[in-house]
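2 protein chains.
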Amino acid sequence: MPAPRKKRTAFAAIGTSVPNVDAVDKVTGRAKYGADHDRKGQLYGRVKYSEHPHALILSIDVSRAVNLSGVRAVLTHADIPGENSFGTAVPHQVVLCSEKVRYLGDVVAIVAADSEEIAAKAVESITVKYKILPVVSDPVEALSPRSPAVHAGGNLCVHQKVRKGDVGTGFSQSEVVLEREYATQKVEHAYMEPEAVLAEPGENGGITVTGSVQNLYSIRRGLARVLALPLGRVRVRQATLGGSFGGKDEAMTALCCRAALLALKTGRPVKMVNTRENSMRESYKRHPYRMKYKVGADRRGFLKAMEITIHADAGAYAAMSPFVTWRSTVQATGPYVVPNVRTDVYAAYTNNCYTSAMRGFGSPQVCFGSESLMDELAEKLGMDPLEVRLKNTLRGRSTTATGQKLNHTVSVGEALLNVTKKGRFLKTRASNRKHNERSHPKKGVGISCSYRGVSLGAEGVDAAGVTVSLQTDGSVVASSGLVDMGQGAATTISLMVAEELGVTVDRIRFLGADTSRLPDSGPTVASRTSFMAGQAARRACKEIVERIRPVASEVLGCPVDSLLFRNNWVSHSTERTRRGPGSRKAGRGRAGRKRLRLGELASLCFARGVSLFAHGWYRAPATSWDERTGQGDAYFTFVYGANLAEVEVDTETGTVRVTRFVSSHDVGRVLNLNGARGQVYGGVAMGLGYALFEEYAEQDGRPSLENFDEYLLPTVSDVPETEIVFIENPDRLGPYGAKSLGEPACEIAAPAIANAVCDALGMRVRELPLTLERVRLGRGLSRKEKRGSAGP
Amino acid sequence: MPAPRKKRTAFAAIGTSVPNVDAVDKVTGRAKYGADHDRKGQLYGRVKYSEHPHALILSIDVSRAVNLSGVRAVLTHADIPGENSFGTAVPHQVVLCSEKVRYLGDVVAIVAADSEEIAAKAVESITVKYKILPVVSDPVEALSPRSPAVHAGGNLCVHQKVRKGDVGTGFSQSEVVLEREYATQKVEHAYMEPEAVLAEPGENGGITVTGSVQNLYSIRRGLARVLALPLGRVRVRQATLGGSFGGKDEAMTALCCRAALLALKTGRPVKMVNTRENSMRESYKRHPYRMKYKVGADRRGFLKAMEITIHADAGAYAAMSPFVTWRSTVQATGPYVVPNVRTDVYAAYTNNCYTSAMRGFGSPQVCFGSESLMDELAEKLGMDPLEVRLKNTLRGRSTTATGQKLNHTVSVGEALLNVTKKGRFLKTRASNRKHNERSHPKKGVGISCSYRGVSLGAEGVDAAGVTVSLQTDGSVVASSGLVDMGQGAATTISLMVAEELGVTVDRIRFLGADTSRLPDSGPTVASRTSFMAGQAARRACKEIVERIRPVASEVLGCPVDSLLFRNNWVSHSTERTRRGPGSRKAGRGRAGRKRLRLGELASLCFARGVSLFAHGWYRAPATSWDERTGQGDAYFTFVYGANLAEVEVDTETGTVRVTRFVSSHDVGRVLNLNGARGQVYGGVAMGLGYALFEEYAEQDGRPSLENFDEYLLPTVSDVPETEIVFIENPDRLGPYGAKSLGEPACEIAAPAIANAVCDALGMRVRELPLTLERVRLGRGLSRKEKRGSAGP
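Going line by line, the protein sequences match chains A and B. The opening residue of the first sequence carries number 1 in the numbering used here; numbering runs sequentially from there. The opening residue of the second sequence carries number 1 in the numbering used here; numbering runs sequentially from there.
Rather than coming from a laboratory, the hints here were simulated on the basis of the structure. The reader is advised that the hints may include incorrect statements.
Claimed, not checked - Some residues of chain A that are not near chain B, with every Cβ distance over 10 Å (derived): (1) S63; (2) M383; (3) E721.
Unchecked claim - Facing chain A, according to a computed beta carbon distance under 8 Å, are these residues of chain B, among others: (4) K32; (5) L231; (6) R233; (7) S469; (8) T472; (9) V476; (10) S516; (11) R517; (12) F606; (13) G609; (14) A614; (15) W617.
What the hints assert, rightly or not - Under the rule of at most 25 Å between Cα atoms (straight-line distance), these lysine-lysine pairs were calculated in the BS3-like manner: (16) K26(B) to K40(A); (17) K427(A) to K442(A); (18) K32(B) to K40(A); (19) K542(B) to K542(A); (20) K32(A) to K265(B); (21) K40(B) to K26(A); (22) K40(A) to K40(B); (23) K265(A) to K40(B); (24) K265(B) to K40(A); (25) K32(A) to K40(B); (26) K265(A) to K26(B); (27) K32(B) to K32(A).
Each residue gets a CB set at the ideal place from its N, CA and C atoms; glycine is no exception.
Using the sequences and the accompanying hints, generate a full structural model.
Okay, here's the thing in structure tokens:
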């Protein structure tokens, strides 16, 4: 249910609803996922995991494994030709542990064999002698100097900060000061498809890896470093991805390298497919956060200061922790004007499963913190949650916590009004109060909102490339360095190509990414794909259109600037001829024909040697960041959104049922209405699981579960019908004004639900997930807060 | 032994000798040829050939085949979803015969089965009822109205002509007129690798074909038409090619379509690999020509007129006959100034194996004709073969037979002088005469020369694309729409990329072509690859260099135009700073560093969002052609060459041994010295086989042989050491001045040998090959000529 479009008539494809271009392949089984790639004569790879969360490796004995019939290679760290390290962050991650193991997902040896069974047997026969070390499992304790060091440099992985104004002054000006602690849990990405790769020894002494990879280029960098090969000889191709959510990011380098090492050693293709248990054990998770918020406001409710201290559990390796925590730092205050801010985010190494990128990338945690806090502040001030928010939300020309002056339409207030209006927030709230006094289950309603930087921002290089190749029959092949991982990038990019070339989406074939065929376009993360690849695709298309227009103009006998490309036809525009140098020709008679098929035009152009292939490249606008002060233009633009959740809470059992959900997001421009809705539905479902069920719990570095039988995911019966109100404030920089949606759709679902649960209970649970126990018994941080409480 | 280079110091890579970039892969077995591509679960395809050279199909009974265990699909023409036709020329070729068969290589049904054995059994069990038709086997008789029609439109496939001046007037001005008939045989390409393809049902309902294909884009067009798919959903990828020589051209569409039909029908990968017998039976050959030459000259030896009538056997299908015969038309007079020319080339359909593209493409035949003729004319005039040639060779500003005024350095005379000087032609000739009077074996020496249009000329669209992707470690990935088929294109293009980017060739990875990743660059034929792909590659590289130079300039603190890219480094040029707007900055001090690695520069550029990927497109200069008169600027430039052969002839057995070979070619510029030499060695060897051994003989549409046991190819012991004199007159249009060499190296070897044999025998054999019988007994056209003779 999008808001009425502005200038909708200008677009043929943008804003329409098209089925995902890969939908038929996926439902018919024709799509080839990582595990569907097989080669004749391939071997099967397996890993030998560490048996301890923290230990020194004294010896690795592979002699029995080597001698097993059907075993083709058994490799350890000593067999790595290049560096035994990968990853952007330092210290790097290792491919095969050499001196010590840091968590149970660490790998000490790998095997390639004729069958999975032989490989498994070989792995079992490998014996490793360890010297067990004390386990570090608490990220706060980890930073104590007495704590054993997970890495040589100590346990502080990263410390990100923001210093704006002076919080001392801010709190001294405050009439209300509140201190609260919130905590979020570790969760699993829970993609349907476990990790799978096929490595093939390539021509030219190189290697080709095809698999379930989200970020081809960073993985290629790792492969090149580990295998000691030039980048040009390492090829990474993406198989159809069965979900990723940030989970098949750079760290997939490990599996890719292991398969590649075995392939190069044996000279044969090697396939490695994780079981779900392996995937759960080894793959990184979302960072659990412990957050201390101190907020000061005047009596009217205007925020004066915020002091935030966060401890994140990085687990055994740095991975994306420096980047994840950086985004948390930027978003930690929520979408509010806060004149004085002091934020510190620490990530610490432990012997837990490591943590890294996951949809939201450091925002769902701080959204839970800041949005719980705003509700608590409202209560303290005797205001309603909407009022205190609307008083403080960012507006046009507002300055963010990082000192960035916003120069676009800021719609967080509009989003809040959308969801509260549609959800009749205040009315429902009041009637729930009455209901709860006498009835059961208890009812509650909650809201949340956020602002979110689009794309990578000051996090790193931000540019992307797309190639578009118009065919002589009017069909099109497009491909992008940014990938489809189920989020619909193939469809969205196709739609933009359709818009620019005037073709229908069914004429476009979108190809999976391949590092050897496309330029390094950075990672497919940060909800940047539609924006970055979209702009690149448009440039490529515009270049082709520029080249073929003169031929069309000649054939149709009309000025170049009056040509209309629509529905696979090129015609003389029925609109008034736009002004321009070409319009002088408008008086000329037409050459007999009114339109021609795009395919015919392409053929004519080809016959004249006109190139129908183009590469578009888009570099994001500049951003800035001062690491010392945590001030800067962190992102080139932002998106805004708000959620409303209604819940019913069974106080006997602690069961929470989400009964209604309203979600409003300013996406700049809706590109594919179906796709945009899908992002919101999926984001809400994921946020609901985060709010209520999911937790990857560990004790002394050992997980308490190993498969989905114990890891609770929301099912269709848990997810309510979600009403969506899209806001379209076209962004000056975005393709057709579009910005992003993938992560925004997810980050504020949990706090809206949590706030609704508190509203129903009259008691705040400050720790996710809102399990039966916490809701029923007030366990977790909720109890602490009940005891301790804070504020002046 | 190339001639001294002009301006050699300007180049770092061009003109050096590098090993072929794919050499190690090929000798170690790592290269994946068509037959090396396998997929798990693949089926094996087989064809049911026609049993008659000419017959109507009454019925095809596949019922027994269908019911065989392990047979997955049996298809006939009725199962083709699109059009049952492919090919550029009309009438098109068919994929599966429906109404009639036209030669023994025609296919009536195809089978896919679990194994090759089952497939073979299934093929045997198919029964076809025919109504046998009379066979047409002689291309001259085929044109008689009484001849049965191979195609509905009659047996004239094409008639190409040249009309220049007035031959009547020319002959009337002639003091010597000579009429001769020459004939060449049908030969097989004899590539080492028989045809092989793997077809895989693709995502999006499309198809991917990987195989031994020379011209990916024309094959894709055929696949799309036959399968009724848009071009964007048909993907053709080139496997490493084990030779082609024009033999795996567009006609490979048939095998690709058959495998694709079976793959789409069964939903499984289907592999089809031709046995050598299948390949010999079905694959097209070089056109056999029957040529009538009438030449007129004045007493001083200056040519006045030439009248040429040629009959070519097109066999069962048109294929490339219209284009092959067109090139013959242009080159038929040889590289001579002939004021009056009348040339007619007729290609006729027969029920023989069809004929099409083969290295030289219509030139080896007419080179044999015109170069034999010049020797005979010299004899008639009482001159030596060199003198008569030098009097008539094209020069700068000469006008060719097609009325094209040459506007570049014309070096056919220089080439002739090179080979005759090195081979001491006249001296050897004289001493041989003496030797032959008393000694045995008889010795002879012969020369030949030619001019040849570069690339496609007026034959069709002439443009090509290349993509180049610089990596952040300074390695490079390049790929081209034109392919390496063993001729060394990968190496030559890599060398040009190396030159432009200042990298060493080992840093470049050249990728096989893929229609979905690169623009339609036309066919890899006509010795156009170095020229066309070279220019496209240079453009791509120059674009990248333009983008990264400012960064290098900034880092090194020197003007943009003084940067030198060499050996993977970028430095401040030690040469005098060239003049230009940037040179004003030359006075500035350097920023401390003198040079930086290209990889470092690429990394710096990447970090700034500078695109390191580029697509270069090159469109050939315009050509023109008037079909009515056969006049026009047929090619945008020409190459020139001359050969000299010395032979010993055993007149007892008829054995000819080539004892010495000298070859001189004006290539514009030598790109890769090794590769250029290789082209000449290979061309001479191929021409030697053409001259002496090879013949694919047929009787009433049935070949007399089916494998290499009876088809005689030259071996290393037959091929003499070849001395090479390259001429470098850099072409204004070519990359670094380079033109072409692949076909020129082959087309004039046979006539030089034939002329040498005649010199030894004192008797002319006017028909190739110079078999033992012809040499010993003077069989073939030689005898006829001896009896009949011609000329005034």
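Okay, the hints, checked on the actual structure:
The claim that S63(A) is not at the interface with chain B holds, since no C-beta of that chain comes within 10 Å of its own (minimum 30 Å). Distance check for M383(A) against chain B: the nearest CB is about 45 Å away, which clears 10 Å, and the non-interface claim stands. Every Cβ of chain B is farther than 10 Å from the Cβ of E721(A); the closest lies at roughly 32 Å, confirming the non-interface assignment. Proximity of K32(B) to chain A holds as hinted, the smallest CB-CB distance being about 7 Å (cut-off 8 Å).
Taking 8 Å as the C-beta contact cut-off toward chain A, the hint placing L231(B) at the interface holds, the least distance being around 4 Å. Taken as an interface hint, R233(B) checks out: its beta carbon lies about 5 Å from the nearest beta carbon of chain A, inside 8 Å. For S469(B), the suggested interface contact is upheld, since its CB lies about 6 Å from the closest CB of chain A, less than 8 Å. Residue-level restraint check for T472(B) holds (minimum Cβ-Cβ distance to chain A is 7 Å; threshold 8 Å).
The beta carbon of V476(B) comes within 6 Å of a beta carbon in chain A, closer than 8 Å, and the hint placing it at the interface holds. Given the 8 Å rule on beta carbons, the hint for S516(B) holds: about 5 Å separates it from the nearest Cβ of chain A. With 8 Å as the threshold, the beta carbon of R517(B) comes within range of chain A, its nearest partner Cβ sitting at about 5 Å, so the hint holds. Taken as an interface hint, F606(B) checks out: its beta carbon lies about 6 Å from the nearest beta carbon of chain A, inside 8 Å.
Interface restraint check for G609(B): the shortest CB-CB distance to chain A comes to about 4 Å, inside 8 Å, so the restraint holds. Because the closest C-beta pair between A614(B) and chain A is about 7 Å apart, less than 8 Å, the hint holds. Because the closest C-beta pair between W617(B) and chain A is about 4 Å apart, less than 8 Å, the hint holds. Distance hint between K26(B) and K40(A) is fulfilled; the C-alpha atoms sit about 20 Å from each other, no more than 25 Å.
For the suggested pair K427(A) and K442(A), the alpha carbons sit about 16 Å apart, so the restraint of at most 25 Å is met. Between K32(B) and K40(A) the CA atoms are separated by roughly 13 Å; this keeps the pair inside 25 Å, and the hint holds. Simply put, K542(B) and K542(A) have alpha-carbon atoms about 22 Å apart, close enough for the 25 Å limit, and the pair holds. Between K32(A) and K265(B) the alpha-carbon distance is near 18 Å, which keeps this suggested pair within the 25 Å criterion.
For the given pair, K40(B) sits about 20 Å from K26(A) by alpha-carbon distance, which is consistent with the 25 Å threshold. Proposed proximity of K40(A) and K40(B) is supported: the alpha carbons are some 5 Å apart, at most 25 Å. With a C-alpha separation of about 22 Å, the suggested pairing of K265(A) with K40(B) holds against the 25 Å cut-off. Restraint check: the Cα-Cα separation between K265(B) and K40(A) comes to about 22 Å, which is no more than 25 Å; the hinted pair holds.
Restraint check for K32(A) and K40(B): the C-alpha separation of about 13 Å stays at or below 25 Å, so the hint holds. A C-alpha spacing of about 19 Å is found between K265(A) and K26(B), which places the hinted pair at or below 25 Å, so the restraint holds. Among the hinted pairs, K32(B) with K32(A) is consistent with the structure: their alpha-carbon atoms are about 22 Å apart, no more than 25 Å.
Every hint, counting from the list given before, is met by this structure.
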